[in-house]
Amino acid sequence: MIKTMNQRIGLILFLLAAVYLILSYQLPSYPYTAVDADVIPKGLGWFLLVLSFFLYFSKAIETDAEKAKRAIPKKEVLVLASVFGMIFVYILFFELIGFVIMTAIFIFFSSWFLGYEKWKTNLAVSILFPVILYCIFVFALGIVLPKGILPI
Amino acid sequence: MDSFQGLLSGFQVALSFEGIMFVLIGVVVGTLIGMMPGLGPISAIAIMIPLTYGMNPAPALVMMAGVYYGAVFGGSTSSILLNAPGISGTVASSFDGYPMAQKGQAGKALAIAAISSFIGGTVSVLLLMLLAPALSSVAISFGPPAYFALMLMGLTAISSLSEGSTTKALISAVTGFMVVTIGIDPQTGTQRFTFGNVNLLDGFDFLIIALGLFAIAEVCMLVLNRKNRSLSDSQKLGSLKLSKADFKEMSGPVSRQSFVGFILGVLPGAGATIASFISYIFEKKLSKNPEEFGKGSIKGLAAPESSNNAATSGAFVPLLSLGIPGSGTTAVMLGAFLVLGVQPGPLLMADRPEIFWGIIASMYIGNVFLLVLNLPLIPYLAKILSIPRPLLISLVITFSLVGVYSISFNVFDLYMLLVFGIIGFLMRIYSFPAPPFILAFILGGMMEQSFRQSMTISNGNFNIFVCSPLPLTLLIIAFLSFSVPGILNWRRNRKNAKV
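Residue numbers (full-length UniProt numbering), protein chains in the order written: chain R, 1 to 152; chain E, 1 to 499.
The set of hints was computed from the structure by calculation and includes no laboratory data.
Don't take every hint at face value.
[To be verified] From the structure, some residues in chain R lie toward chain E, with a derived Cβ separation under 10 angstroms:
#1 11
#2 13
#3 17
#4 34
#5 45
#6 48
#7 52
#8 91
#9 99
#10 113
#11 118
#12 122
#13 135
#14 137
We put the CB at the ideal spot given by N, CA and C, even for glycine.
All chains, please: the whole structure from these sequences, using the hints.
If you want it as structure tokens, here you go:
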């Protein structure tokens, strides 16, 4: 039943539209208004539902270029997942440890992980970039970034 | 204030020390970001928005406009030197630019690109100056139904003109609209799809979506292509000088395509990419030697370059005079306006002439800066292409995260940036175009508002959209723009099936 990629995506979108519609129908109504808060969401939900049908039953055959675009080797998926993992850790400790330290650690390790071997340049960039960015934001633009465990 | 006076006051803004400095910063940063493979004007604008917080709106917007056309200008460099277009608007430039570079004429190709871009950009600003005020004065009488129909037309146009399947583009637009319904409904105060989460009450800031769907998603593509070559030091650019014959060959395509590009830029949904392709095909059809195209033809490079830059300024017409962006990039530009508390639209010319005319006047100066920067300095600027990919990836990620943090000071938004980054990446690999998503996200709130205003005016009667000629015409165009390609496709499939 589910053979092509379009059918798989169509099914996921159908479920998404269904959940969205159920939630739209649960929105509370407000008496004194011509168009209530639920009208647009309901319209959008139904429209997505119809579009997901179109996608599911579309006869368009995936071109080779499209297939090549989504054919990512497993190793690369792992690399991407690791980069996202690093960003996650960066965000997790962003406020606690502070912008400068976390950014320096992040830039150094992610660049190294992605294959940058000149560690001296890497170290210099990872220290200078967050320090300069911090100074621009905090002192020039007046936007406070988390200082974390550093005194300033 | 008539146009001439307005333009003079615009030049006062653009030629002040502050104005010149920010135009220069804008075009330099735009060129540099635009040059980097993968990063286009949307990422460039989104990355620069946080730096405008606290600035005066006029110089800030002059700078952001500079970032935009600078990025389109710079995009051609990576197309020519690496055959890796930074943005889709310069893909057509690589068809003849890269073969020229391979023949050892990279310098000449860059010079042709710079001069064509300059002429395209300048002609287009001239037309923008004439058309935007005229459209503004017409648009001042538009009511909510006309606005709603206009926005709907913009959305359907961008969906049907997007690369690939129209169904996928429409899905992208509808989901973008759905995301904007999250949060407190401004009219009734109802909480929609917030699941009781306080962080969702205000909905998502557009910067999260723009940086997630574009910058972070582009970074993911860079991660996958991180081993592609960067510019090597040994690559010689060759002479930048052009002969009289070269200029003669360029003159035809540049003069024609500047106009074509502008018109396509003004139309909703089209923009730089489509303009550059159409101009390329147009010149190939006109040419006496079409077989030269794709092998390093001067005409084949001059046509898309003049056209994509002309389309960039053309796209400012609906943005400045109607307040409605016609493309993904101008949608993010609108976001930049709103961040600074400026509402573009028919009232902008009367209420904030210094901004309206300042931006237009700054474009003349910006184009001159770009020409000066790109011709003699291009060998030095191109060095940025030799930044190692791993380092570039880390820096763009950091910039995006800081940008989002500095609008809300909320770590929750950073996680959301990550989520939209993943969504943007999945959209890219499964061939769902992202520009309709961001346009729908930006227009969604305004569309819902004008729809509800219209319905309130008419006391809940839908006739308000079909009883006056303007909204009716726009709605018919909107309907045709997505139904006609579908019907044509269906007929073609049926014919093929019969054969």
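Hints versus structure:
Evaluation of the residue 11 (chain R) hint against chain E yields a violated restraint, the C-beta minimum of about 13 angstroms exceeding 10 angstroms. At about 6 angstroms, the closest approach between the beta carbon of residue 13 (chain R) and any beta carbon in chain E falls short of 10 angstroms, and the interface hint on this residue holds. Given the 10 angstroms rule on beta carbons, the hint for residue 17 (chain R) holds: about 9 angstroms separates it from the nearest Cβ of chain E. Using the Cβ-Cβ criterion of 10 angstroms, the hint placing residue 34 (chain R) at the interface with chain E is satisfied: the shortest such distance is roughly 5 angstroms.
For residue 45 (chain R), the interface hint holds, since its Cβ comes within 10 angstroms of a Cβ in chain E; the closest pair sits about 8 angstroms apart. The interface hint given for residue 48 (chain R) holds, since its Cβ lies 5 angstroms from the closest Cβ of chain E, which is under the 10 angstroms cut-off. A least Cβ separation of about 7 angstroms between residue 52 (chain R) and chain E falls short of the 10 angstroms threshold, and the interface hint therefore holds. The criterion of a C-beta within 10 angstroms of any C-beta in chain E is met by residue 91 (chain R), whose closest approach is roughly 4 angstroms, and the hint holds.
Evaluation of the residue 99 (chain R) hint against chain E yields a held restraint, the C-beta minimum of about 7 angstroms falling below 10 angstroms. Interface hint at residue 113 (chain R): satisfied, since its Cβ lies 8 angstroms from the closest Cβ of chain E, which is below the 10 angstroms cut-off. With 10 angstroms as the threshold, the beta carbon of residue 118 (chain R) comes within range of chain E, its nearest partner Cβ sitting at about 8 angstroms, so the hint holds. About 7 angstroms separates the beta-carbon of residue 122 (chain R) from the nearest beta-carbon of chain E, less than 10 angstroms, and the hint is met.
The interface hint given for residue 135 (chain R) is violated, since its Cβ lies 13 angstroms from the closest Cβ of chain E, which is over the 10 angstroms cut-off. Because the smallest distance between the Cβ of residue 137 (chain R) and any Cβ of chain E comes to about 7 angstroms, under 10 angstroms, the interface hint for this residue holds.
Consistency with the previously given hints fails for numbers 1 and 13, ordered from lowest to highest.
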